[in-house]
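Q: Protein sequences appear in the order of chains A and B. Each residue of the first sequence is one higher than the last, beginning at 306 in our numbering. Each residue of the second sequence is one higher than the last, beginning at 1346 in our numbering.
Misleading hints may appear alongside valid ones.
Stated by the list, open to error - With the C-beta cut set under 10 angstroms, the calculated list includes, among others, these residues of chain A facing chain B:
#, residue
1, SER308
2, LYS354
3, TYR355
4, LYS373
5, ALA397
6, THR409
As the list claims (entries may be wrong) - The calculated lysine-lysine pairs, modelled on PhoX-like cross-linking and capped at a C-alpha distance of 25 angstroms, are:
#, chain 1, residue 1, chain 2, residue 2
7, A, LYS354, B, LYS1398
8, B, LYS1363, B, LYS1398
9, B, LYS1363, B, LYS1400
10, B, LYS1348, A, LYS363
11, B, LYS1348, B, LYS1400
12, B, LYS1415, B, LYS1402
No wet-lab data here; the hints were simulated from the structure. Think of the CB as a built atom: it goes at the ideal place given N, C-alpha and C, for glycine as much as any other residue.
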Amino acid sequence: AQSVTQLGSHVSVSEGALVLLRCNYSSSVPPYLFWYVQYPNQGLQLLLKYTSAATLVKGINGFEAEFKKSETSFHLTKPSAHMSDAAEYFCAVSDSKAAGNKLTFGGGTRVLVKP
Amino acid sequence: DVKVTQSSRYLVKRTGEKVFLECVQDMDHENMFWYRQDPGLGLRLIYFSYDVKMKEKGDIPEGYSVSREKKERFSLILESASTNQTSMYLCASSREAKGSMYPNQPQHFGDGTRLSIL
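With the hints as extra help, turn the sequences into a complete structure.
A: What follows is the structure, encoded as structure tokens:
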């Protein structure tokens, strides 16, 4: 069975500082990995998805994630936090072997940005 | 852009009522999903469907049923609403990945329905 672990349910960063959100997965090879963001009272929005073409994936809003097979990790980063980055972030892995390609989500990390 | 539309943003119902939550997608996606989201429990899959009239139970199907009569529409039904079903409900859709050249198909979410059962 697939699983996703996000280390830290809450992260606090200062505006302009690095944002680092950790995600480790357990999945059959190859893993299909995603990062989503959820703003208050909204649905989830796709930030980026891993493709086997490159280990460093760029997403929207200046975020990027690096796939490290040896560490089974797919951490999300942004060099300089903005107040608008305050949200909850979810890492997910897809099961594309069965019909329906269900996603398994991590528990989420809520980001607080301090001025 | 993919558009997933949930019929209500906020809904208040009474215990014992039959409640219908509707979801429509406009991208001809094969797969549709219903989740509930609760603080500290993350997203939990209730039901999903990979084709018209097909449905599969997710992790927490008890107390719920679903209907998919048309490809673009997926309904979640609370047969007899109870207070422990007060939650945020999220609908999503995706293109089928199995057998596809593009296996990493993301799910696209609606804005959610915040349901309160009194």
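Q: Taking the hints in turn, state whether each one holds.
A: Hints and how they fare:
1. SER308: Hint violated; A/SER308 Cβ to chain B Cβ min 12 angstroms, cut 10 angstroms.
2. LYS354: Cβ of A/LYS354 sits 5 angstroms from chain B, so the hint holds.
3. TYR355: holds (7 angstroms)
4. LYS373: violated (17 angstroms)
5. ALA397: It holds, given that the least Cβ distance between A/ALA397 and chain B is near 8 angstroms, below 10 angstroms.
6. THR409: Since chain B brings a Cβ to about 9 angstroms from A/THR409, closer than 10 angstroms, the hint holds.
7. A/LYS354 / B/LYS1398: violated (30 angstroms)
8. B/LYS1363 / B/LYS1398: Status holds; Cα separation ~21 angstroms.
9. B/LYS1363 / B/LYS1400: Since the Cα atoms of B/LYS1363 and B/LYS1400 sit roughly 20 angstroms apart, the hinted pair holds (cutoff 25 angstroms).
10. B/LYS1348 / A/LYS363: Holds, at roughly 23 angstroms.
11. B/LYS1348 / B/LYS1400: holds (22 angstroms)
12. B/LYS1415 / B/LYS1402: The given pair, whose Cα atoms are some 19 angstroms apart, holds under the 25 angstroms limit.
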